[in-house]
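Assemble the whole structure, with the sequences as input and the hints as a guide.
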Amino acid sequence: MAASVRSVVLRGLDVVPVDVEVDIGPGTRKFFLIGLAAGSVREARERVTAAIRSCGLPFPLHVITCNLAPAEVRKDGAGLDLAIAVAICLAEARRPAAPGCAFFGEISLDGAIRHTNGVLVATRGLAGLGVDRVFVPAADAAEAALVPGIEVVPCRHLGEVADHLLEGLPLPAITPQPPAYEEPVAVDDLAEVHGQDTARRALEVAAAGGHHLLMSGPPGSGKTMLARCLPGILPPLTREEAIDLAQVGSVLGELEPGRPLSAQRPFRSPHHTISTAGLVGGGSSLARPGEVSRAHHGVLFLDELAEFDPGSLQALRQPLEEGRVRITRSGGSVSYPARFMLVGATNPCPCGWEGDPVKACRCTPAAVYAYQRALSGPLLDRIDLQVRVSRAPLEALSEEPTGESSAAVRARVSAARSRQLERQGHLNANLTRAELRRLTGIRPDARRALERWSSAKGLTARGFQRAWRVARTVADLQASDEIVEEHVFEALGYRVADAAAA
Amino acid sequence: MPRPPDPDNLNVRGRWPPPPGPRVAVVGSRRPSPYGEAVAERLATDLAAAGAIVVSGLALGVDAAAHEGALAAGGCTIAVLGTGVDIVYPRTNAELAARILENGGALVSQFADGTPPQRANFPRRNWTIAALSDVVVVVEAAEGSGALITAEAALALDRDVMAVPGSVFSPLSVGCHQLLRDGAGLVQNGRDVLAVLGAQQEVLDDPLRPPPSLGLESPKTGRDALLGHLSDTLPIEPGTLARKLGIPLPEIMSRLTALEMAGAVRPRGAGFVRLTAVGISRTGSG
Chain A
66 MAASVRSVVL
76 RGLDVVPVDV
86 EVDIGPGTRK
96 FFLIGLAAGS
106 VREARERVTA
116 AIRSCGLPFP
126 LHVITCNLAP
136 AEVRKDGAGL
146 DLAIAVAICL
156 AEARRPAAPG
166 CAFFGEISLD
176 GAIRHTNGVL
186 VATRGLAGLG
196 VDRVFVPAAD
206 AAEAALVPGI
216 EVVPCRHLGE
226 VADHLLEGLP
236 LPAITPQPPA
246 YEEPVAVDDL
256 AEVHGQDTAR
266 RALEVAAAGG
276 HHLLMSGPPG
286 SGKTMLARCL
296 PGILPPLTRE
306 EAIDLAQVGS
316 VLGELEPGRP
326 LSAQRPFRSP
336 HHTISTAGLV
346 GGGSSLARPG
356 EVSRAHHGVL
366 FLDELAEFDP
376 GSLQALRQPL
386 EEGRVRITRS
396 GGSVSYPARF
406 MLVGATNPCP
416 CGWEGDPVKA
426 CRCTPAAVYA
436 YQRALSGPLL
446 DRIDLQVRVS
456 RAPLEALSEE
466 PTGESSAAVR
476 ARVSAARSRQ
486 LERQGHLNAN
496 LTRAELRRLT
506 GIRPDARRAL
516 ERWSSAKGLT
526 ARGFQRAWRV
536 ARTVADLQAS
546 DEIVEEHVFE
556 ALGYRVADAA
566 AA
Chain B
19 MPRPPDPDNL
29 NVRGRWPPPP
39 GPRVAVVGSR
49 RPSPYGEAVA
59 ERLATDLAAA
69 GAIVVSGLAL
79 GVDAAAHEGA
89 LAAGGCTIAV
99 LGTGVDIVYP
109 RTNAELAARI
119 LENGGALVSQ
129 FADGTPPQRA
139 NFPRRNWTIA
149 ALSDVVVVVE
159 AAEGSGALIT
169 AEAALALDRD
179 VMAVPGSVFS
189 PLSVGCHQLL
199 RDGAGLVQNG
209 RDVLAVLGAQ
219 QEVLDDPLRP
229 PPSLGLESPK
239 TGRDALLGHL
249 SDTLPIEPGT
259 LARKLGIPLP
269 EIMSRLTALE
279 MAGAVRPRGA
289 GFVRLTAVGI
299 SRTGSG
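Top line first, the protein sequences correspond to chains A and B.
FYI, the numbering for the first sequence is 66 to 567, going by this note's numbering.
FYI, the numbering for the second sequence is 19 to 304, going by this note's numbering.
Calculated directly from the structure, the hints in this document are not laboratory data.
Misleading hints may appear alongside valid ones.
Stretch by stretch, here's where chain B covers chain A in the computed footprint (C-beta under 8 Å, at least three residues) [as the list claims (entries may be wrong)]:
| id | segment |
| --- | --- |
| 1 | 144-154 |
| 2 | 413-424 |
| 3 | 508-518 |
The calculated SDA-like cross-link candidates involving lysine to any residue, where the alpha carbons are at most 25 Å apart (straight line), are [said to hold, decoys possible]:
| id | chain 1 | residue 1 | chain 2 | residue 2 |
| --- | --- | --- | --- | --- |
| 4 | B | 262 | A | 543 |
| 5 | A | 522 | B | 281 |
| 6 | A | 522 | B | 140 |
| 7 | A | 95 | A | 105 |
| 8 | A | 424 | B | 247 |
| 9 | A | 522 | B | 252 |
| 10 | A | 424 | B | 140 |
As the structure is a computational prediction, the values presented were derived from the model and not from experiment.
Quick reminder that beta carbons are idealized off the backbone N, C-alpha and C, glycines included.
Dropping the structure here:
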């Protein structure tokens with residue numbers, strides 16, 4: 066007698082449908098698991114056997130053949146445990162299938178159904194496949210309930226699932242409730258920052274246009290503090306954005322139990338010793354999301370940018386361009402979303418004191434030039450804004466800071482973002498050359514100023530467009546439809562002077 | 019203590035030996051403030067106009083400004099290189115080196131042809147600068163600057179050492195002020211140097227002839243009042259200006275960039291310095 070049960074395996078944030086088929090045939094006790102089961106799926110055999118026995122359910126005494134179809138898809142992860150166990154129970158009870166149902170979850174030896182990574186992604190995929198009811202671990206039911214149009218049945222134990230399917234005992238579905246979605250609390254507020262007027266303004270412009278930002282300044286000048294303020298001046302995540310982000314958290318198993326959805330923009334600050342796989346995603350067989358995807362819709366802060374492995378920084382190019390990463394491994398190719406604001410921080414030179422008004426820099430001009438050049442190239446090309454940060458004088462630190470609060474800045478940022486979305490459907494940082502010409506309304510004198518500057522300073526075509534995009538954001542912050550000369554000049558102010566060019 | 023090489027054993031490009039006349043080394047920071055750069059250039063012009071030969075190291079900053087100043091007066095200037103005479107380092111000064119040769123000056127080096135720039139060779143080159151000069155003038159030197167090695171060599175070789183004072187706020191003048199405290203001659207203008215050389219000059223406490231204008235007046239920007247609040251030695255941050263003048267920061271940023279485009283200011287660190295007009299033609303790209 067054969068039974069077939071539906072489940073999925075994860076491919077990044079997509080799913081591949083898997084039919085778990087079990088046949089019980091004549092012969093002495095054997096349990097075959099076939100269908101390209103890798104690592105953790107192969108081990109499902111032992112887990113499922115023990116779990117069924119622990120529940121006191123009848124275990125087939127003949128030859129069990131469990132096939133995971135389609136056979137050519139490599140299957141990984143423990144999410145198939147529940148489907149395999151259910152299929153065996155149904156086959157033993159000579160019940161063909163559970164129509165419209167799907168199962169996803171890992172089982173422990175005593176039959177308890179454990180937290181499993183990726184329940185939100187699996188549920189989303191199953192809903193897309195037309196499944197009506199999904200049985201998931203109770204611990205993860207809250208995230209599954211975020212998916213509309215599918216009934217979510219939280220399961221604690223294999224026994225209650227079997228009782229429900231075989232005996233018709235009730236197993237209530239979760240009633241979807243509007244998920245807790247609170248106004249985020251910014252931990253770091255701009256009101257706490259002393260001075261740093263230029264950097265504050267650069268943060269505001271960066272936040273308003275979604276521009277990447279590089280801060281350069283001596284040690285202890287507060288670059289990290291400034292970067293930490295950035296999520297607080299961005300508008301809170303929309304529900305769609307929060308669900309996008311929750312999917313990444315779901316795959317990683319990093320969602321807070323019971324509170325899967327947060328309006329808080331992520332802030333990720335990996336250390337410079339991070340591996341390329343840790344940064345952009347990767348792993349041995351199937352790639353896991355990296356820091357760039359954890360920072361999706363938020364901020365990726367790279368302190369000591371010059372100390373990062375050049376290969377890792379190179380790997381940032383794809384996510385910076387496309388807003389997602391595609392990683393190919395032996396187990397297949399997966400893609401994760403990675404649309405983040407990059408904030409880099411660096412010393413201006415090897416000793417850190419170049420340009421400081423008090424402490425003299427000990428580096429030769431050639432060393433300063435080489436240090437700044439090491440950052441250049443493709444990565445720096447994508448950073449629209451650059452700003453120098455200086456140390457606040459010690460006496461200023463004991464005074465009460467006088468700057469605006471993050472909330473005040475966020476109001477302006479939100480207004481400027483709305484203007485952009487209304488005009489072009491995306492933020493200014495992603496304006497293409499054609500859109501710049503067509504949409505940005507630059508006044509002729511402003512354009513001439515930009516051209517004069519480019520020829521005087523030898524700007525590349527990319528640099529020219531960067532300044533143009535930033536000028537557009539400056540204009541949006543002033544609710545101006547046109548880019549006038551002042552906007553261009555302010556935009557040109559946010560780049561680090563090349564110390565060696567003098 | 020490195021011994022300077024025999025002047026007859028130097029590798030030379032250009033006219034050698036140089037024409038008769040007192041030789042003045044003008045040396046200092048490779049990253050001077052606009053003030054230091056302007057002083058080096060103006061001093062070299064005045065010295066060259068009075069018939070002195072300006073010796074320097076063809077480095078960025080004060081050295082280049084000194085060579086330029088001498089050339090501006092049509093003078094002969096000697097560049098003492100830390101590389102072989104067939105290599106100009108840094109390469110950005112290649113065009114300057116060519117003009118030095120055209121104007122009857124010389125590039126000299128104690129190192130064999132083809133010697134690349136090496137860290138250890140530059141202090142030895144500084145000794146040669148001192149050896150070839152009658153007096154060494156240090157324009158801007160931070161603590162530990164290479165120009166102080168030249169001054170030390172000058173003392174060891176029994177040459178006169180003089181220094182240009184600067185702002186007491188500026189780290190770039192600390193080395194000069196140390197020299198002055200230790201007895202170096204005070205340089206306010208070219209005559210101070212010529213007097214030490216024994217040229218028949220009366221020493222007057224005149225200020226160095228100021229450059230024609232402080233800050234360029236561009237027809238576009240007019241003379242922005244911000245210039246009056248900027249210094250040519252100390253970088254002032256845009257935020258400081260905004261607070262002091264009660265003007266919103268975006269407007270300050272915008273006006274500063276307009277001034278930078280007009281060649282009147284340039285960024286330094288997190289702030290801006292005012293350019294002194296004399297250096298503008300070369301430093302506009304800074």
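If you draw a straight line from the CA of residue 522 of chain A to the CA of residue 140 of chain B, is it 25 Å or shorter? violated, 31 Å
Taking only the CA atoms, is the gap from residue 424 of chain A to residue 247 of chain B under or equal to 25 Å? holds, 22 Å
Straight-line alpha-carbon gap residue 522 of chain A to residue 252 of chain B, limit 25 Å: At roughly 23 Å apart (the allowed maximum being 25 Å), residue 252 of chain B and residue 522 of chain A satisfy the hint.
Straight-line Cα separation of residue 522 of chain A and residue 281 of chain B no greater than 25 Å? It holds: about 11 Å lies between the C-alpha atoms, which stays within 25 Å.
Does the segment 413-424 of chain A contain three or more residues whose Cβ lies closer than 8 Å to a Cβ of chain B? holds (count 7)
Has the segment 144-154 of chain A got at least three residues whose CB is nearer than 8 Å to a CB belonging to chain B? Our answer is that it is violated, as 0 residues pass the Cβ test (under 8 Å) against chain B, missing three.
Quickly compare the C-alpha distance for residue 262 of chain B and residue 543 of chain A to 25 Å and report which way the hint goes. Given pair residue 262 of chain B, residue 543 of chain A holds - Cα atoms ~23 Å apart, limit 25 Å.
With a Cβ-Cβ cutoff of 8 Å, does the segment 508-518 of chain A contain at least three residues near chain B? holds (count 3)
Sort out whether residue 140 of chain B lies within 25 Å of residue 424 of chain A, counting only the CA atoms. holds, 24 Å
Is the Cα-Cα distance between residue 95 of chain A and residue 105 of chain A 25 Å or less? holds, 19 Å
Of the numbered hints listed earlier, those contradicted by the structure are 1, 6.
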